[in-house]
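Line order of the protein sequences matches chains A and B. Going by the working numbering, the first sequence runs without a break in its numbering and finishes at 200. Going by the working numbering, the second sequence runs without a break in its numbering and finishes at 388.
A few of these clues could be false.
[As the list claims (entries may be wrong)] For lysine-lysine, the following DSBU-like pairs were computed, each having C-alpha atoms within a straight-line distance of at most 35 Å: (1) K305/B to K343/B; (2) K305/B to K197/A; (3) K340/B to K197/A; (4) K305/B to K340/B.
Hints listed in this document are in silico derivations from the structure and should not be mistaken for laboratory results. Here the structure is a predicted model, which is why all the values come from computation and not from measurement.
Listed below, chain by chain, are the residues.
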Amino acid sequence: MGDGPLTDLELDIRLTNDLSQLEPLIGRLESFIEQADIPPTPAYRLELAVDEFFNNAVDHGYPDGRTGDIGVHIRRTGDRLELTFSDDGDAFDPFAAPAPNLTGTVEERPIGGLGVHLVRTLCDSFAYRREGGRNVLTLGFKLTA
Amino acid sequence: MIQIDRIVEGNVVVTAVRGRLDSSSSPKLDEFLAAAPDDGSVILLDFADLTYISSAGLRVVLKATKLARSSGATLAVCGLIPQVHEVFDVSGFSTLIPIHQSREAALATFT
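So here's chain B without its partners, still in its complex pose (with noise of 0.2 Å):
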């Protein structure tokens, strides 16, 4: 269901998920993300190729916000479709997390 690559560029470590983010195959990003990151980096979730996400997979990005901010990394997304954007938006969630256009448009702001 779900197709979850890293791919390290600097300091930015990009998480490429492929496919839905529900309550069946969001258990698998969440153990992606488990180890905490290092201080000052970055952790930048491609969703370009994301087609779905529930509040079970914001549930995971949320979790996934806090770590990241618990060990003085940022978390950031990118390449959201319309209808997951809005889902973004409904869940008060884009004023907590940065949003960007594409993974080139984040990757330089943060390089």
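So here's chain A without its partners, still in its complex pose (with noise of 0.2 Å):
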């Protein structure tokens, strides 16, 4: 994992996608959410998308198994939240795929299909691009939630 400029209001981290990158990242995002000082539901929430994101990215956006880079950006300005998430995996809209079926019985529900669901939900605001052949997610968070 790169080792990128860290301060108090912002984190700058590249990594490879590979699954072993997951603990060494929430690692830095947990002194991140510390050092700038954000309160536990915005932080839990900022948490999960990387999470998400990151596991959707490496399970799916490279299944010719080649190396990726996948990028973490999260800036805290003012009383929000901005995250900017990219991998340079083959294209994919995370936001553009259906909600899954949340209201069936139990044995209705499907295993799996949860973690998009959950990030744009407990986000504020959500969008994707395509850019230089990566896909960008940039996510905002109210830090007074």
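Now that you have both chains on their own, put them together as the hints suggest.
As structure tokens, this is what we get:
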């Protein structure tokens, strides 16, 4: 995992598409959350977004097994958190997927498909773009939640 | 990353999970809950010391719920911190799985 500049208000991490990177990534994120004094609820939502997108990118973005480059950038500005998650995996807009069935009986519920739904519901803004061969997801979180 | 303990209280099997349930730790809970429960028994997942759950953890909880139903057992959870409770609400699990405030409150309803 590359060492980006780390300040109280900004975190910039580059990493490869390997699940072994998740634990150090979460460690860096939790240090940032502590230093930037992020309240528990937005902190949890931010961590969930990074975790779900990282897992999705690693699991589905590189079906040919090539080494990928994933970027996580987080900035605290006033009462908002901005997350930019990018990867050079196959083009995929997670927000275009239909919401999973959340009202059926236990037998009807699909095992899976929940991650993006959780993130999309718990953030305050989200956007996808394909730019320079990368999927770029930008999410906003209010700190006052 | 996680610690899992099993405590039997009458017909209730309490599974207490401490730590985080993400993609790297959830397979451990999945393994722990893989055996079909006895007909009429109760599986209580005590999440009082669970600080984090992602969709990977929710998948394991849903799978265990399906297994319990098909075995004639009941699965319930207790002790959710507010952020974990929010994830249960948003995923629609709150309407599927009984959620109790604490282990004591849950045991009082099952025994």
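Comparing the hints with the structure gives:
1. For the hint linking K305/B to K343/B, the alpha-carbon distance of about 18 Å falls within 35 Å, and the restraint holds.
2. Distance hint between K305/B and K197/A is fulfilled; the C-alpha atoms sit about 34 Å from each other, no more than 35 Å.
3. The straight-line distance between the Cα atoms of K340/B and K197/A is roughly 33 Å, inside the 35 Å bound, and the hint therefore holds.
4. The hinted pair formed by K305/B and K340/B meets the criterion: a straight-line CA distance of about 13 Å does not exceed 35 Å.
Checked against the numbered hints above, the structure violates none of them.
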